[in-house]
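J.: Listed below, chain by chain, are the residues.
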Amino acid sequence: MAQEMTNQNAAQAVQPVLSVRNVGMNFGGLRALSEVNLDVLPGEVVALIGPNGAGKTTFFNCITGIYTPSEGEVTAYPKNGKPKRINGMRTNLVCELGMARTFQNIRLFPSMTALENVMIGRHCRTKTGILGAVLRGPGTRREEQEVVDKSFEMLTKVGLEKLANEYSRNLPYGAQRRLEIARALATEPFLLLLDEPAAGMNPQETEELKQMVIRIREEFKVSVLLIEHDMKMVMSLSDRIYVMEYGRIISTGTPKEVSEDPQVIRAYLGEDSDA
Amino acid sequence: MSRANILRYLKQALVASLWLSFLTLPIMVIRVDTVEQTVTWRWMHLAYMAGGSFVLALIWYIMMERRDLSQAKRELETVERDSALMRFLSDPRFARPLMAFGLLVAVAFPWFFSLYQTNILISALIYVVLGLGLNITVGLAGLLDLGYVAFYAVGAYTYALLNHHFHLGFWAVLPLGAVMGAFFGILLGFPVLRLRGDYLAIVTLGFGQIVRLVLENWGSFSYGPSGISNIDRPGLFGISYSVEQATTYMYYIMVVLVLLTIFVTARLKDSRIGRAWLALREDEIACQAMGIDNTRAKLMAFSLGATLAALMGVVFAAKTTFINPASFTFMESAMILAIVVLGGMGSVLGVILGAFLLMLLPEYLRAFSEYRMLIFGATMVLVMVFRPEGLVRAKRKVYKINVEAAG
Ligand SMILES: Nc1ncnc2c1ncn2[C@@H]1O[C@H](COP(=O)(O)OP(=O)(O)OP(=O)(O)O)[C@@H](O)[C@H]1O
Ligand SMILES: [Mg+2]
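Listed in order, the protein sequences are those of chains G and W. Mind the numbering: the first sequence is residues 1 to 275 in this note's numbering, read in order. Mind the numbering: the second sequence is residues 1 to 407 in this note's numbering, read in order.
Keep in mind that the hints are not guaranteed to be accurate.
Said to hold, decoys possible - Simulated pairs of lysine-lysine, DSS-like, Cα-Cα distance not exceeding 25 Å:
no., chain 1, residue 1, chain 2, residue 2
1, G, K127, W, K397
2, W, K397, G, K157
3, W, K395, G, K162
To be verified - Which residues of chain G face chain W? A partial, calculated answer using Cβ under 7 Å:
no., residue
4, C95
5, E96
6, F109
7, M112
8, I120
9, A133
10, F152
11, M231
As the list claims (entries may be wrong) - Chain W is nowhere near these chain G residues, computed Cβ spacing over 12 Å in every case:
no., residue
12, N87
13, E161
14, I216
Think of the hints as simulated: they come from the structure by calculation, not from any bench. Ideal placement from N, C-alpha and C gives every residue a C-beta, glycine not left out.
Next comes chain G alone, as it looks inside the complex (with noise of 0.2 Å):
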């Protein structure tokens, strides 16, 4: 596993999935992202963790086209597929290239059920058009099936399989996030991206995520870059960490690395706190 390489001799030995190169990102006069690089490795899961605000969920809509870096590149590497430099790509084609992520706050659509969440994930993979829909074709009705099919199979990994029909804005909080991540499975992404995943859930919901997340990482042999505040979580569950500090990445490593760095205790506990 990558666990037991360091970062640069990894980067080196595997094609990535996701390199990025001194990307920055400014509003207006605020200075949210300066020269974060940053790799993700097939199959690795990576954490990005520091202090709010640092600019971690604007990285993630930098990689993802919601915002375009001011500067910098960033790349992606698709399975069978050529390199891709995907800054200021728009976001539907990110997703189509197969990098899907999550939201920090949940972002579902509440008036549709479950099932019909995870469905708009099958969206990019099917080709239905206002006439195959309107005529309703063996094709469209063969294709509409395995969207359901495929769909209910991917709330059956997340443990969503009862609630199916419900209207999504009716499911509980944890389920909610779980749903997220179906949605986010049913585009078969390459790398997952996950916004704090774990937010607001208690220790044993948190606890199962990991296990999912663990399981989805085997099954569907995707890459995940996860963003989360709960260090038990972080530290058990990522091969590799990158820490982020107005902005800036201040440190990486394997979790044991990133633990015992001066640099991050500094940043987590305060400045006073090392005198």
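With chain G held as given, fit chain W with the ligands onto it using these hints.
T.: Just chain W with the ligands now, with coordinates in the frame of chain G:
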């Protein structure tokens, strides 16, 4: 309802009625006759005002409480409950015969009712299609379009002008009108792609006004406010027929078009495209992040809605044989929007009900025609307060899961 609540509502209603009586005292009670230079004090009016507003306020408070109670209850339940009527309507055992009966009535209608009634029904059917068209844009895709009537005008003028200059017939222009509608839908769609909510509403409102103003002022093109007359009725293999037969013919054309529209919109609603529209309506950013091309989805919704409106424009021109810009004012757009909102955004059945309600009631309540807009406004307010989802709540399809395939 508890006694304490009743007492509180009584007190609130009393305060409201006293306040209103005081405010309206000068206009309701005092009457100054400037010719005879006398002042009359009509104290009875004060009593009416106080009594009336007291009763209305009381009813209002009690209804508000009931609404809050039922809403709280609904939020507690995880499963959405349908009203008894909706359960009845969605049960195929009742729905099938009901639909067959409705179709039978629709087919037999012109033979049992007068020309006047048939004409009214044709108008209502036109609004059913307009409502269903706008329902795609507003109800499904969530793009608030306040200039929808512009596309209706595009269709009507396409037929009127082509007929006037080139004597093209109804059937030839019908598809042409649809194409023109789609074209104008995309034309409006492109510049407003980035706009949402209020901004979109204002731009589309402006678009509607521009189209009407152009039609009114570009005399050499559209014949200005005096409009275009002597438009041909739909041809029937070159057979000539009386006005009465023409109405019946028009009626059947409309019945077929309505059925087609229902079929198309219902199918679209439960398809890949329809789901994409819903997702777009619910959360644009999440929708795009899940791989849906927002631009395409929006343009599709705009142009499909516009296509249906333009089709109806052609029918309208052929039905009335005369059109002028006065038929395409903002009031029309507002009316069609009211049909969609009142009926239930996103619900095909709801929009049909809404169209019949809003188009037929005013016809049969001519006695109250002076209060028409007042009643209309009050109804809209009441519906929005007590049934914000419209008469019929849009229901999501329950998909059959192929368990073996799902493993
Ligand atoms: N659209 C925007 N316009 C202006 N400033 C922004 C915008 N989005 C984010 N910011 C700013 O960028 C900084 C980083 O925000 P970001 O949401 O990325 O933090 P975060 O690391 O995700 O924090 P948290 O842990 O609280 O989620 C903040 O100072 C925020 O105010
Ligand atoms: Mg964040």
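J.: Holds or violated: the hint that F109 (chain G) contacts chain W, with Cβ atoms closer than 7 Å.
T.: holds (4 Å)
J.: Would you check whether M231 (chain G) satisfies its interface hint, that is, whether its CB is within less than 7 Å of any CB in chain W?
T.: violated (27 Å)
J.: Has the given pair, K127 (chain G) with K397 (chain W), been kept, meaning a C-alpha gap of at most 25 Å?
T.: Distance ~20 Å between K127 (chain G) and K397 (chain W) Cα, so the pair holds.
J.: Is the interface hint satisfied for A133 (chain G)? The criterion is a beta-carbon contact with chain W at less than 7 Å.
T.: holds (3 Å)
J.: With a cut-off of 7 Å on the beta carbons, see whether M112 (chain G) makes it to chain W.
T.: With a closest approach of 6 Å, the M112 (chain G) hint holds.
J.: Can the hint on I120 (chain G) be confirmed by a CB-to-CB distance to chain W that is less than 7 Å?
T.: holds (5 Å)
J.: Decide, holds or violated, for the assertion that all CB atoms of chain W are farther than 12 Å from the CB of I216 (chain G).
T.: Nearest chain W Cβ is 16 Å from I216 (chain G), so the label holds.
J.: Report holds if the minimum CB distance from E161 (chain G) to chain W is greater than 12 Å, and violated otherwise.
T.: violated (8 Å)
J.: Is it true that the CA of K397 (chain W) sits at most 25 Å from the CA of K157 (chain G)?
T.: holds (23 Å)
J.: Quick one, are K395 (chain W) and K162 (chain G) close enough, alpha carbons at most 25 Å?
T.: holds (19 Å)
J.: Does the claim that N87 (chain G) lies off the interface hold, with its Cβ farther than 12 Å from every Cβ of chain W?
T.: holds (16 Å)
J.: A closest beta-carbon separation below 7 Å is what the hint needs, so does F152 (chain G) meet it against chain W?
T.: holds (5 Å)
The structure shown violates the earlier hints numbered 11, 13.
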